[in-house]
Amino acid sequence: MENLLRYAEKFFDEVEIALYRSREVSTSVELNEISMASTRSEAITIIRGIKDKRLGLAIVDSDEPERVKGAIEQAAKMAELNSRDENWVSLPEPGKYREAPKPNYELKEASPDTLVEKLVKAIALAREKDPHAVVAGGAGGVSWEERHIVNSHGIDVFQEGGAAYMYLELVGRKGEVVTPGIFDFDGRRDLNLDVEGIVERAVQKVKWAYSVKASRNEEVPVILGPWAIAGLFSYALLPAFSGERLVKGTTPLLGKVGEKIASDVITLYDDPFHPLSLEPVIADGEGVPTRKNVLIENGTFRGFVWDNYWAKVYGTESTGNGKRDLRSGGINIGFHNVVIENGKRSLEELIGEIERGYFVDGFQGAHSSNPDNGNFAVTANPAFLIEDGEVKGASVFLVAGNVYGLLQQASEVTKEQTVMPFMNTMTTPHIKFEGVRIAGK
Amino acid sequence: MEALERALEWAEENLKAEYIELRYEDLRKTTLGLKDGVFTSFTGKLHRGVAIRVLADGAWGFASTSDLSNLEKKIEEAYKLARAAAQTKKEKIQLAEIEPVQDFVESKMRIKPREVDIGEKVGHLRELERLLKEDKAVKSVQIRYEDGGGRKILLTNEGTEIEWDYNYLYQGTYVTGKADGKLAMVRDSIGSVDYGWELMTEREPNEKVARRLLRKMHSQLKGVAPKRGEWPIVAGPIVVGIIAHEALGHLAEADLTINSPFKDLIGKQIAPEYVTMSERIVEGGFGNDRYDDEGVPVKDIHIIENGILKEIMLNREYAHKWGMEPNGHARAESYRYPPIIRMRNTVFEPGDHSFEELIEDIKFGYYVVDFRGGQAQLNSAFQVGIQEGYVIRNGEIAEPIRDTSITGVAIEALKKISAVGKDFGLEVGFCGKGQIAFVSSGGPHMRFDGGILIG
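Line order of the protein sequences matches chains A and B. Residue numbering for the first sequence follows the working numbering, beginning at 1 and increasing consecutively. Residue numbering for the second sequence follows the working numbering, beginning at 1 and increasing consecutively.
Hints in this document: simulated from the structure, not taken from any laboratory. It should be emphasised that the depicted structure is a prediction, and the values quoted were computed from it without experimental measurement.
Stretches of chain A that chain B covers, calculated by requiring three or more beta carbons in the stretch to come under 8 angstroms of a beta carbon on chain B: (1) 27-39; (2) 57-66; (3) 71-78; (4) 171-184; (5) 248-256; (6) 367-381.
If you want a taste of the chain B side facing chain A, the calculated C-beta under 7 angstroms gives, among others: (7) Val-38; (8) Thr-40; (9) Phe-42; (10) Thr-43; (11) Thr-88; (12) Lys-89; (13) Lys-139; (14) Met-185; (15) Arg-228; (16) Arg-372.
Heads up, the beta-carbon is just placed ideally off N, CA and C, and yes, glycines get one too.
So here's chain B without its partners, still in its complex pose (with noise of 0.2 angstroms):
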């Protein structure tokens, strides 16, 4: 922490910088990788170093070093990186002005990961295989498990301090089955950044974790093909929440949104009334935060709310853009990457609809539960492969289907949306948008009466 003061203190004194910017990591991480009954990664992690950022004359420069012996240098070196940068810039970047702020965030985790001892995370993981492999169709399973804690400090010439206890666990299993000469891989994934150990072993335990993966594979191996077309669909809560993060969520992230469709479609009606859409902290959220890496509070927004197209994800330097306050979405990967706007937990909101009024009218359509996989263009439209989905017929869910995908345009899909459940799920994953960062994606059960193409 001194280090990084003495640094601070000498670049504002040395330095014609508009903002400089420093966030220092120190993290044990710990993977483990099981493969099949082998550990193929059991793997201690050190990681440390310090992301510097510097604005001046209105442009970025940014360095990241693992070398903590001389940061004055580093600070200098992204200084001349956001000159070189500045001289060709028109526009001169600013920042939306903010209220500094100084604080330690504590973690809500009951059991951190580091508290555990390895050989229970060892036995957990073996656990689960053994509970997949009990079922005969079960080819293979891999696990990859991660956790990490430590702290992140950020200080910046405005006064901003923050210090975090920061930690994380994640657990992603992948299981290849085969069954009448046909194979199917399905996945699934937990974790979080507010519950510790405590949700491997109380609020996803490995029986359930295991249930819903060889659901999934059976689903699979006696799927039939579906039907190619535009049918009803009902998407469960993995499956909404997959088209609110890619197809809409991104959209809806400030440095995108300029050249999206929703740039011209602010304060209009995009989807019906009983149809809401947030960015905001969630329970079990593995996007939840107190602060952004710039220091901004996270505030809860509503991207669509009522049909009617809200607000939208801000750092400091789209906030100025746009003449609106930053709402906290800033964020990096690691001390590796500069922040940029990211989604942390994007969920359509519950509506009043049980999920027999969903489907009860519906001759013949398609229930799509979990997807394996999801991507979108920036006019909104995407394509998610279906891991598990069944065949509605006569206002029942009838036969699986197997590897299928779902594919539209969000934004007119929207306007197709029929009936809110009034349920909620979320699941947790990874966003990659040149950086990883953790992210939940969610909502209730939901009906589309067109604007999804199946098959």
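Extracted from the complex, chain A is given alone in its bound form (with noise of 0.2 angstroms):
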């Protein structure tokens, strides 16, 4: 890399090279089955340089030092023929990096047959279970991922790491009813995945969703789960953090620093070092220093978060928050692993208080919401009705509102916390909202 760097500083007027090498394996299933057997190794290597407040970037799939020049003299054409760019300031100088967990190497090496094994076993729990489930789909994999950044400033980071994960999607059939696909998922930093809890999880919502319920017009309490919290927050409210739409005022929460936009339940930060986190990196995807950033603290806000660029132009400082967009080389303002801090008592319980309400597994349409307002429409599916404390069925409805709005009706969030790599990562527990308006079919 060193040599490269210095081939690189010929080009520009400073420069960054990040190096990506990765490894997966995986193993997916159809219909109750092992339908292939996977693996993909790629090196990919990106460079960023700039002369002249002129961003070039290249991106080559290889890490092979020539092949890499070629990259590098291909930036160097990107930036001669970009326009400037006033507002840049500087790549990140070196800071300083907490002390990384240490990798689980057995990751590096885990063979396709571990995974053929455990899904073999969960395909066949599953059935026993409930004989009238397909397991319709489902995977599992090892990744593991080497990360090297370095740029003229003197940033020199290496990180390394891996996660597993399964996840299954059973379709349940029995008499007229075909239930929609229920997920159920688990992440972890080992090879320990939670076979039987996800089957068991899986198999207790296709259990409910047999019974069809009608859904009405109502206001009710509504228990979101960890699955709809991600994919709602991800759009509806994650994007409101960003610096640069602070900068751009495009957020609705501009001038609301130290202001109380959620209820007092809801706490809210980013944090890679997060005991469930899958990604515990110690630096961003341009090299900062990660932290804890704590965004909601009980109910109140507390502040955005910021790459190099936009913190520059800002005038303040890295959050640690810019991540490499692998497919366009540059840098975005994102999340490593947001963390909805728990509570104390168990889904359970908290379903046993409802007199008549609904658990929402998952959301459709949430990607359909809008961030600049934090208005959303989505349809609640799989969801659930409560009834005198008990699950009674599976049921359809929409809810249209606004996720600052459903924010402050937040009563209480449960005790477990389940890890949900969506789009953004999130570590949340179960939400549940107070007087949820919701639109029956």
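From the two separate chains plus the hints, produce the assembled complex.
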């Protein structure tokens, strides 16, 4: 890397080289059977150079020095053709990194046989617990990544690590009823995937879904599960914390630092070092040290997150939230592991107290939410009707509203917390919201 | 090419595989991201690698690599993966027979994006941004442009040998507007695999794209909240397209059909006889191609023909399972992925009503023109966010409506189609099914008397 950096410095005022080497083994399931075992190995090198305030980027699917040199020249050509960005200040300087958790090297050498074995067990278990259920889809995988980022200001950070995941999609068919696809998931930094837990939770939801209950227009308590929360918040809420949107005036949180934007039970922060995090990174995509950034503390909005570029434009410091976009090579403001703090009581206890309400496992259409104002209109599906403290069956309904309104209605968070590697990885409990207006169908 | 052929020969001699497929790509891509006057990505990409798929003992193994130095070893790795997966398999995978093809697929583009000077591309994006920002209500503009071109080669041990001169371009524009304290966000996308740079200058010039975006934005800013409920709905080509794609098309992908209500409906009347929905080559279609990634010629199919559920999309594996002919729907995003069953261009076919006829007797209803995001479940329950829509009052288009969504169960809504327009429109986009695919969807204006809930 040293030699490549020296080579690149000939072309630019300042330059960064980021190398990503990854290996993934995975096994997929279709219709109760293993359908394919795969492996993917790749190296990607990204060059980001600035010459005379002109940015040039290049990506090459390789770590061979000759091809990387070719990419450096390509980036230099791009920079020459780009126009000046008068806002450009500089690439980041080295910082002080936290001590990384020790990588789990068993993940580096994981074999597909391990995954085949776990999935076969999961299929058998699901079929045994519910003969009417089909394991429509699913997969297990183990990924390992090495990242090395260097820049001409002295940043030189190497990190490595991996994660394992498994998910199942069950569809139940009983009489006339075909349930929607019911998902469950586990992700962790070792190979001890909770096969029994995934199956148990999925089978439970399928069982509930066999009984179809009509929904109606009403205002009721609603418990959102981790998948529903990750989906809705990723689109309707999280973009609003971006410093870039503050600079551009397109966040509804403009001027609201210190204000109450949620009920007391909501504390939300970004922290790659949370015990459940799948990627405990010490540095972000441009080598800036990561840290715990509190966004909402007991309902009060605490501040925005920044990458190097927008922080310097605004006159503040990066919060270590520069995420590399491997498709364009650029850096965007993003999150590592958004955590919603958990509570004291279990999901079961919360359900037990509801006379009439719903438990929502997933939302459809969250990606049509509007992050500029927090408006959303989504379909709750799979969703389950709760009556007299018990789940009575599956239901589908529409929820249209505003995420900030919803945050004020939060009344309790559960003890259990789950990591959801959705668009942004989120670690979240179930959250109960009071008086949610729903449209039945 | 020689290295690929050598590796394939080695594998044929040394491995006991039923099928071996090598898919090589060598593409140069350009990505430009313009965000409020600043190019945040200005990227040249060199994208090269091989996808290896092996069928052995009735199971699939797949390996992808960007390291071309030892392909034999990588094929062997895929072979071993197939053997590992095969150990647990009760039903062995078999492939429908095809005639191996040797062909060179030429690009239809008049001006390939890679022949266009990057300065011109930059100028084009900046002009679009300027046109949009002339409108005082526009707060933020983001434009993502990408093009790519190069070689793609497919080689199999059955003798298929196809080379593509593969090219594409795409532009997505996102505008945030603000007026009277209200914020609105709208998007627009154009792209093609058959039209080259001429798409940007002749078919979809900046003025046209800007006009479309500003119309959508102002309709949002001035929009009133719709009355929640089930009203007569006239849906424009872009909205019927997303219903065709999300709520019906996915059910007709053979790997998903098996768990969907379509499984028991093939051959049955599921819509009025004036409704036909196809998966076909369309002029300007983003999913157009001559062969799929298994080397099967792409065929036009009617998913719904005169109201009857007829055909589904197949790859070779599912064609064998269903005892049908493969029809060219196995597609892979890139060498990093194995091909899976995907849509290409999913459209409702035009009927014979004029737009005026569709709305003239509606006392109160909604006209939905464009969407932002759509999603569906395998029971065909769909949810589509609406970014442009209007009230229909006394047979006329009235005030716009703001951020809203429509939901329904498509196989129910199909029965409520009361009239099909004679026009036709298409929108290009991406479909995510674990992998990204270029797709189009569209159709004529269509009227639904019930079956769709708004608000």
